[in-house]
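Q: If you're matching them up, the sequences are chains P and Y in order. All the letters of the first sequence, read from the start, carry residue numbers 1 to 303 under my numbering. All the letters of the second sequence, read from the start, carry residue numbers 1 to 303 under my numbering.
Just so you know, the hints here were simulated from the structure itself, not pulled from any lab data.
Any copy will do: because identical chains look the same in the list, a pair fits if it lies in one copy or spans two.
Below, a list of computed lysine-lysine pairs in the DSBU-like style, where the Cα atoms sit at most 35 Å apart: (1) Lys266 x Lys105; (2) Lys218 x Lys163; (3) Lys20 x Lys90; (4) Lys266 x Lys20; (5) Lys40 x Lys181; (6) Lys105 x Lys20; (7) Lys105 x Lys54; (8) Lys105 x Lys90; (9) Lys40 x Lys20; (10) Lys40 x Lys287; (11) Lys299 x Lys105; (12) Lys181 x Lys166; (13) Lys40 x Lys266.
There are 2 protein chains.
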Amino acid sequence: MRATREGVAEKVVLPGPASKELGESIARRLSLPLLPYEVKVFPDGETRLRFEEKVSGKTVLIVQSTYPPPDQNLFQLLLASHRLSQEGAKVHAVVPYLAYARQDKEFVAGEVVSLGVVSHLLRSGGVSRLTTVDIHSAEGLSLFAIPVYSVSAIPSLVSYVKKNFKLNQPVVVAPDFGGSKRSEAFASLLQAMFVQLSKKRDRVTGQVKVESSKLEVKGRDVLIVDDIISTGGTVRAAGIVLREAGAARVIAVCSHPLLVDDAMEKLGSEGIRDVVGTNTVPSEVSKVDVSEAIAEHLKTVTE
Amino acid sequence: MRATREGVAEKVVLPGPASKELGESIARRLSLPLLPYEVKVFPDGETRLRFEEKVSGKTVLIVQSTYPPPDQNLFQLLLASHRLSQEGAKVHAVVPYLAYARQDKEFVAGEVVSLGVVSHLLRSGGVSRLTTVDIHSAEGLSLFAIPVYSVSAIPSLVSYVKKNFKLNQPVVVAPDFGGSKRSEAFASLLQAMFVQLSKKRDRVTGQVKVESSKLEVKGRDVLIVDDIISTGGTVRAAGIVLREAGAARVIAVCSHPLLVDDAMEKLGSEGIRDVVGTNTVPSEVSKVDVSEAIAEHLKTVTE
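So here's chain P without its partners, still in its complex pose (with noise of 0.2 Å):
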């Protein structure tokens, strides 16, 4: 795999410092050999990147999340891909979590569509293509000018449940309808039932109201699947509600863990002790891991 094929531009990866173990074991698995670098975050915040090798007509793959803090990591994101970029290297950003996915539009006359700015500061910045993994809505991929794609965690999220889970007569509930595509896919992997929860956020103040709708879900074991788990608010709600229609257990299941600040003891109070989630985040619930599922899809992609 190492070699070099006529007209096809070596590849390296670079597994940054917000993945760098999901960047080894992505290159691992493709068999690329790794770009050494040096970094440095100084007391003030800022990051001091440096390169020791040459990359000039080869392909980069910059693997690097942006979980909180999350201009942080984007922003070395953009150090690298521009200083690689300038050098004459094609810089395929590999972002696992991909902040800012879920202001992709003006919900609110005015809004600065957050998610433009990061894709046009992306391929400024020298990003000629991008990789996520389950990102927040298909509309967002519509902002980017450049090629990407977003690789599902879903079949992986799948296997570990059914694995490491012994569930009784499961159902799987989307708490909201941005994400039931996804929760609707997880569901129908699983052979499970699934309900779909309607959510209500204030868009300032971020408070969330899961509405209640006949639930039947009395003595079963049932699966909150959400992309995101921020502050564990849309999921603690959604988990009030399934308690009181009687679920016997409720598990949180996510691609991205986020988990800021005390999500996971709010989610415990509620009686949600099973949080999965993926390693996109680093994190205590991060169980699964999407080397795999990113490897895979990079396989198939001609630089």
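Since the structure of chain P is provided, determine the placement of chain Y on it from the hints.
A: Just chain Y, lined up with the frame of chain P:
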């Protein structure tokens, strides 16, 4: 001043989240209206911005300092400038403290010139003119492809020191070569003796060592003048040397008091109890207001 002369774009001031008071003060001094906006930083660190007014055809002065966390403050500036420039405004960024200004060249081969990346992103993000205060080195200005101006805070700092300290045979000390012109200007305005120390910093670890020479400071008041106090390491090292040389009182003066972590305690423990900075960075020692110096400069700019 508020009337629009023919051919001159109407100007408004956006006091960014990091420089609300300073921006409002600059607007008052220029008799310019403020651009209203909503800002929210979500628990995961993402910023949401919303503008209520149209700005097409106007010049917007975005006042946003980029002190720590530098990438967050920088990204907020980029969110605003990208949006407003897309709407047809001309964006003049007023960045009182400019992050990454110390990484303005490859000190070691292979280093990313971070300030060059910042410069590129600002321009690409719609900024067409930049004003900052006491940029770390004049070379940094050459990295910008847009007009850029560095306002001096030295006269304001000297006025403050003259008014608030009764100095005995003052000596002004520059703790390293980089900032010596600035410190020399300070000494000249204060009509004080000037001494240059030499400093060695390990660019990777950040460790600072100040080299002592024959210092004639016995019984005299010494002002250490530098552009940035970050962790306080440089000033503290200079302070130790100066106290050993018999200085009576040691005062630290800077343009940008970042004062990261326990910088104030670190300085205090070496007998440097008086620290004076400007409000380019809000802090307990930001006693000198730069809004007048910035406003006076902005009056001279024909957008």
